[in-house]
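**Student:** Residue numbers (our numbering), protein chains in the order written: chain A, 1 to 435; chain B, 1 to 435; chain C, 1 to 435; chain D, 1 to 435.
Check the hints yourself; a few may be wrong.
Remember, identical chains collapse to one label, so a pair may be satisfied in a single copy or spanning two.
[As the list claims (entries may be wrong)] In silico DSS-like cross-links for lysine-lysine, where the CA-CA straight-line distance does not exceed 25 Å:
no.: 1; residue 1: K318; residue 2: K331
no.: 2; residue 1: K75; residue 2: K136
no.: 3; residue 1: K75; residue 2: K345
no.: 4; residue 1: K318; residue 2: K344
Calculated directly from the structure, the hints in this document are not laboratory data.
Number of protein chains: 4
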Amino acid sequence: MPNLSFTELRIPTLGRCVNSSPGLEREWGRAERSWIPEDARILLDDCIPAPPGVLQSIELAGPRREIYFAPAECKFAVVTCGGLCPGINDVIRSLVMHAHYCYGISNFLGIPYGYAGLNPRFGYAPIALTPERVSKIQHLGGSVLGSSRGQHDVGVMVDRLQDLGVNALFVVGGDGSQRGAREIYLESNRRGLDLSVVGIPKTIDNDLRYMDRSFGYLTAFSEAFRAVSVAHAEARGVRNGIGLVRLMGRDSGFIACSAAIASAEANFVLIPESPFQLGGEKGLLACLERRLAARTHALIVVAEGAGQDLMTGVEREKDASGNVQHGDIGKFLQAEIARYFSQKKILVNIRYMDPAYLVRGVVATPEDRVFCLQLARHAVHAAMCGKTGLVVASWHNRFVHLPVDLVAKGCNRVDPAGELWRTVLESTGQPAIMR
Amino acid sequence: MPNLSFTELRIPTLGRCVNSSPGLEREWGRAERSWIPEDARILLDDCIPAPPGVLQSIELAGPRREIYFAPAECKFAVVTCGGLCPGINDVIRSLVMHAHYCYGISNFLGIPYGYAGLNPRFGYAPIALTPERVSKIQHLGGSVLGSSRGQHDVGVMVDRLQDLGVNALFVVGGDGSQRGAREIYLESNRRGLDLSVVGIPKTIDNDLRYMDRSFGYLTAFSEAFRAVSVAHAEARGVRNGIGLVRLMGRDSGFIACSAAIASAEANFVLIPESPFQLGGEKGLLACLERRLAARTHALIVVAEGAGQDLMTGVEREKDASGNVQHGDIGKFLQAEIARYFSQKKILVNIRYMDPAYLVRGVVATPEDRVFCLQLARHAVHAAMCGKTGLVVASWHNRFVHLPVDLVAKGCNRVDPAGELWRTVLESTGQPAIMR
Amino acid sequence: MPNLSFTELRIPTLGRCVNSSPGLEREWGRAERSWIPEDARILLDDCIPAPPGVLQSIELAGPRREIYFAPAECKFAVVTCGGLCPGINDVIRSLVMHAHYCYGISNFLGIPYGYAGLNPRFGYAPIALTPERVSKIQHLGGSVLGSSRGQHDVGVMVDRLQDLGVNALFVVGGDGSQRGAREIYLESNRRGLDLSVVGIPKTIDNDLRYMDRSFGYLTAFSEAFRAVSVAHAEARGVRNGIGLVRLMGRDSGFIACSAAIASAEANFVLIPESPFQLGGEKGLLACLERRLAARTHALIVVAEGAGQDLMTGVEREKDASGNVQHGDIGKFLQAEIARYFSQKKILVNIRYMDPAYLVRGVVATPEDRVFCLQLARHAVHAAMCGKTGLVVASWHNRFVHLPVDLVAKGCNRVDPAGELWRTVLESTGQPAIMR
Amino acid sequence: MPNLSFTELRIPTLGRCVNSSPGLEREWGRAERSWIPEDARILLDDCIPAPPGVLQSIELAGPRREIYFAPAECKFAVVTCGGLCPGINDVIRSLVMHAHYCYGISNFLGIPYGYAGLNPRFGYAPIALTPERVSKIQHLGGSVLGSSRGQHDVGVMVDRLQDLGVNALFVVGGDGSQRGAREIYLESNRRGLDLSVVGIPKTIDNDLRYMDRSFGYLTAFSEAFRAVSVAHAEARGVRNGIGLVRLMGRDSGFIACSAAIASAEANFVLIPESPFQLGGEKGLLACLERRLAARTHALIVVAEGAGQDLMTGVEREKDASGNVQHGDIGKFLQAEIARYFSQKKILVNIRYMDPAYLVRGVVATPEDRVFCLQLARHAVHAAMCGKTGLVVASWHNRFVHLPVDLVAKGCNRVDPAGELWRTVLESTGQPAIMR
């Protein structure tokens, strides 16, 4: 084992914590040890043999003995950005409940329609969120606050937060939104504001780095699993039936992989991380033909970002968040498959499904419900200590504070040499290389 | 009350029943009264004041004291035609189980891929269906036999049934398939064959007449309900969100109506039976604009056959069953709504969903499972008595035998002056007339 | 066909309807024909051959052209009595929504905790039910108003209704509660009050007469079905495993029968309507032994009211509603089965389940949701016309008004010679006579 | 950071791997890097500050470049022991599928009824498991092989394995069964047999150490969550309603904690790890009384192993696995609560539920389905390399090989100072100390 040195990834704080939290302690009768010590950390990378160099450690999340804000005087706010995802309402509910019941904070604002709600130009009034008001929202899909995509001037947003007198802003959103959160943090830091900015990463595609998974992802792939199961029934229901399911996954194929594995019926899984070609002996179409010849039906699961290189000549647009819009690989494959077998005079029946919104608008499963609640708890704990510029996440099965830069920077991908993709290959039997 | 006279809608039979069913009686120790008497009937129309003229009565389904076929020597077969529908496998399973355990019939064939399986040209071999083989198939969506659309020469099919030595053919299919069943019955009657043809009507759209509902319909609209609920979450999740869900219903809007009622969130339900126009003060678009102005979100449920008159200039094709293909009203509405609000410079967010296959490939709900089992039981009972040229159905909450003509002829519609549509109008608040 | 004469089962009314409902007509633009004419009726019994004598007809439910109450001035109330049942909140919600949106009634009270809420002694304040307040309650199981069992002095309750100025009382409850509703109707009639009393029959056991089914029943047996499926897994999971599931059904075995049929795995279904004995060659225990010898596992579904005659020497109590408490047939069978096989030195593994509350506290399925909404609609329509002393129900698949006497009098049973029980016998293969 | 030294927890192997797996490589076209190197490990404890002393590392699971057994000649077997748990059939299915499709092993035996199936005294014949035979078993709850509790002579079992010619035995079972697996491994090692023993830890209670979670646990608590939700509906449905739910958890309260958190409605969670008393100012009963006074309903979730010290004078038995049987804390609490409030003349309504079997007999959720498949895959990979005396598990979100001793030795508990219990305290608001 080489000589190792350690370094700590630190979370910024607003100032020294002076308020202890005696109320909590009294009410719960908690022993000393139930607070998380400030130096409790885990390794970011625990692999052996360790790579040469410096080992980074990250901070454990959880309640601290001393807090920064005085509950009676502070005001919190939550904003939900980007596309819908199962569990957003669970997060909102738990933020409000936790701030209220654990710290006695009764001033909690909901910012409507994403960052647009912080831009006075739109004239959206913030909503007072009380325990009573949020107590049943976990039974609803979507976001009771509404959401939106797109960036807004950071100065305008921080002005608005100042006007509203907000001390902690919880940002529920994806990498774009967390970049926005980072800018808000930097700007409010520059202004010396008493404002904590805490992110709760949201990505239905599970494509953020340094987190075991994102909230809503389990629910999403469980729904996607239903679509894949149905596609299998359709494929088997006709002679030479080909079920084709397009699932979410702009840049990464996690939902496609997991749904396919759970169904145990998929024959081909196509994801952005593993390029393939259509033609040629080793290409998808020839593989598909062999499969049909052997079993008279086939099931293909394709992530929306897969095979984008195949669709030449299609012009791409950007959405309000600045994401390049993908060409529709599902429709493209449907047409190419039809053309291929038509030329070969083989009668096939293609059943194409795109559950899309159906996957993201459902209510969270119990497991995700627990996960959302825990993320929200930790976000409130972090804010109460005056920590800022961070996101909360689960890493190697513990809840941690990550510097927001870490998340805003990169993107999580299915590793073509890793566990998940290997499981896909082994359980579908599809060739690792289709080109 | 005027003078009434009565008439009986009679079911053809192959011959006089001579076998009693002593085995059953012995084994079950059933009292006399548990057999259905041959003259047990109910009125087809029980409304008061009765229309002048003749009141028709129909035969109750159920086991008869005497049976026609000798179980040891007879061979049954089942064929599944047309599109998938929840519960087909339940029907197959129960036919086989019931024939085996109640009558001792061990010779039961599954015809693969619909009527094509009776056409030797395709070379599909029938499958021997044993209790062991079918015992778990209710856990799978679709049809384990496979299905197909389209007609085949009736002479060829009856030849094939003769070759196979089939004594009873159970046809699981829609109105087209039941018309095929009727031709098979007529042809085999002409040939004097000992072949009973019994239909089990299948239509996910619930559009067959003289039946309380078709199997699979409850399951289908329960799934559709999920899509509508999700669309509501999407609509509420953005400023001026418009959820637009296209549901099954070529000629009738039952699924759309029921799913919308169950969700209790739809604002507009569009069905083939109730024409509407887009433009004008009373048209859909103006109504939608008023709704958005009042509540900032809206939810539209549209049956696939609705508003076909609006899509002029679109050429229509026919599918293999001869059904005229509808234009895609969902995409059409999406485009028209976008155009309308774009012209008015009102920013809206349309979320379009088409769950289609997702609705029909799922496994049956417990209620449909019971229903499928009962239909299958009654089909077997009817065949054992040598009845033919009939379908089994539930009418006014009792199981009955209907002459196949009755079903093959017409089509069930949502009555614009009836209970279901009135419920839609009252629960959505949409104008009864949008033109 | 003998000479028939007809008679009409009439519903009492408070007075002549004078208010037409122009507002509705205008807003919905409804054609004349969409109102239900006052003489629209169906036969109570539509069987042929008709029994000699008088044929009774009953009134169709639905909106009438003229109404009795002036919406702006009237006040409605709802009370929920007896045990929980899926769908109660759907009924409450739809009553309030329908009264509000279809008739403009904004004064709607919720009476807390059943009839006790009408007894000032308990001091429960009624709750103002607004559309906003009830809009999401369908996502919750149980009753948001709470419920209770037991009778209260009718004079006291009518005094309270007078004090509150209630014009229509909707009673959601079983036969006992509908008897209470009948007394309230009679008393308020005696006093000449302008009070309509409309019942919405609630019985999770489906044991009320003259209705196709009661609301919540489909949901309940769907849940029971899950328990039966699990019991099957348990029974198969060990050598000589015996799954034993006790289900609701004090006096009738509908839930037990339907859940067993849906599961398609039960071997013995025991219900109050079909007596059985334990010992003897034909008794349950010997049948069970033969089943185990043949298949090494068995599944028994028992309704709580079954086999009460077998438990001699057990003292019975009454609950607050005056129902005689049953002995626990589940535990009794568990002990008897254990004793029997222990004496025979046959090792068996009994897995006993009693899902009880789990079956009744869930939210309604989509189908029940539609059904609840329709019942509530019709209840509001009936009250608006000043009809009273009635319940709304579905009969032969149409919604009707039944005189409350009809429901309060008797009880629906599984007919041992009828369709449902025959289906049980045929699908389980159990002997019709086990004694 | 103190000086650290590292040590490796090693897995025994049968011998040197000589067969490479060219077939796989060829078929999948896999790049070199997709094999797991033999020295790939992670830290067992990644906490900072690290405890003084030695850091242990454990082996990553996954396919190796070289394998030990020649697929064509080897025979595998699987046995399922102890109580049922969601996902067992998924594990069986995936073991067979993976061995067949990834390594070409066509000889796979299912041992019926647990270790008893290895004891010739019972005369149970092993079942040949083919891909066809297992392809749909994931739709069934329970174990298609059956299970049993209890120990059998290790010599007898190893004799039987020798007779059957088994090369790899997969043991799906809890700590007791893994101790049995360890003995089989030691004995076969002593005899120098070519037998790999690989455990797949099964514990619905999630009470095994060094694993993120056990398979089936997510499904189990999701089911338990339903019961808790229903109990909440019951508690709210009556005046002073007390919902009381007893959940699985002999020695640890994981299911109770997670189900309570997910429901977000529980007021008291009682688990074995956190003792409480009934009486006294701080005891449960007084807390409960205060809760009722404030909110008129309460919800208690209790793990079966909680509060055992309170039930003095109750004699305890052992089950076939040697587990001491617990007294029934649910019934006990029900009686004590009733007595307490009866003495205080406060009318309460206790609704007691014990979903027990209902929680463990259901089919696995999609997430558990993926997890089961991955555990099975890794078990097969491990066996193919001749590794033995190990279990496969997920640790810090990676799949690893653990020496079976590690699992057989100890037990996982809810840490009263840890994340999960803290979440319970914070989300229920219950006092940390109730005595």
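**Student:** Does each hint fit the structure? Answer for all of them.
**Tutor:** Results of checking the hints against the structure:
1. K318 - K331: both (19 Å within a copy, 21 Å between copies)
2. K75 - K136: within (22 Å within a copy, 28 Å between copies)
3. K75 - K345: Answer is neither; intra-copy 69 Å and inter-copy 37 Å both fail.
4. K318 - K344: Only across copies: K318 and K344 sit 23 Å apart there, 38 Å inside one copy, limit 25 Å.
This entry does not satisfy hint 3, going by the numbered hints stated previously; all others are met.
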